[in-house]
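Peer 1: Final position of the sequence shown in our numbering is 171; the numbers increase by one with none missing.
In case anyone wonders, no lab produced these hints; they're calculated from the structure. Possibly wrong hints are sitting among the right ones.
FRET-style restraints, in silico, Cβ to Cβ [stated by the list, open to error]: (1) 43 - 88: 33 to 41 Å; (2) 37 - 135: 29 to 37 Å; (3) 156 - 30: 31 to 39 Å; (4) 43 - 124: 13 to 21 Å; (5) 17 - 120: 16 to 24 Å.
Here a beta-carbon is modelled for each residue, glycine too, at the ideal position from N, C-alpha and C.
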Amino acid sequence: MSGRNWTTRPETDADVAAVRRINLAAFPTAEEADLVDALRADPAWIPGLSLIAVAADGEPVGHALLTRCRVGEEGPALALAPVAVLPEHQGRGAGSAAIEAALAVARARQENLVVVLGHPAYYPRFGFRRASQQGIRASFDVPDEALMSLALHPDRPTPTGTIHYPVPFGV
Numbered sequence: 001m002s003g004r005n006w007t008t009r010p011e012t013d014a015d016v017a018a019v020r021r022i023n024l025a026a027f028p029t030a031e032e033a034d035l036v037d038a039l040r041a042d043p044a045w046i047p048g049l050s051l052i053a054v055a056a057d058g059e060p061v062g063h064a065l066l067t068r069c070r071v072g073e074e075g076p077a078l079a080l081a082p083v084a085v086l087p088e089h090q091g092r093g094a095g096s097a098a099i100e101a102a103l104a105v106a107r108a109r110q111e112n113l114v115v116v117l118g119h120p121a122y123y124p125r126f127g128f129r130r131a132s133q134q135g136i137r138a139s140f141d142v143p144d145e146a147l148m149s150l151a152l153h154p155d156r157p158t159p160t161g162t163i164h165y166p167v168p169f170g171v
């Protein structure tokens, strides 16, 4: 898969260190990098749904991760978190390319619902909207506009209720 200047592909075992480096560089603490490592060892991990954006020289520069979560008691969903880009490549579309690739893979796998807790001005460009409008909520306090969801197959029903994140999220 290719974006403007980015090639995207699923993470491989050879990319684990690069994904950690991207997350360490993109965030002020190691929390997100540690989360990715913990999710890799969790049943919520779905092979093929950790996507990287690669620069023309082959260097991984962006990362987007989808893992299994539930909405309500029975509803399968995916959590988009974290999304990270090396600081020197931020604002150039690498993160968008990784997100679009991850959503495309999830859609092709017949996944339907994706939730994200993030910047309300960024994620709507991918089709996300306030989760509360779809009857979805978090189990912790979060600004309504920051919790968003996306139905990848809008003709199919989506679950409603509280999001149950994988254990490594700590919520």
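Peer 1: Against this structure, judge whether each hint is valid.
Peer 2: Going down the list of hints, with the structure as the test:
{"no.": "1", "hint": "43 - 88: 33 to 41 Å", "result": "holds (35 Å)"}
{"no.": "2", "hint": "37 - 135: 29 to 37 Å", "result": "holds (33 Å)"}
{"no.": "3", "hint": "156 - 30: 31 to 39 Å", "result": "holds (38 Å)"}
{"no.": "4", "hint": "43 - 124: 13 to 21 Å", "result": "violated (31 Å)"}
{"no.": "5", "hint": "17 - 120: 16 to 24 Å", "result": "violated (32 Å)"}
Of the numbered hints stated above, those contradicted by the structure are hints 4, 5, listed in ascending order.
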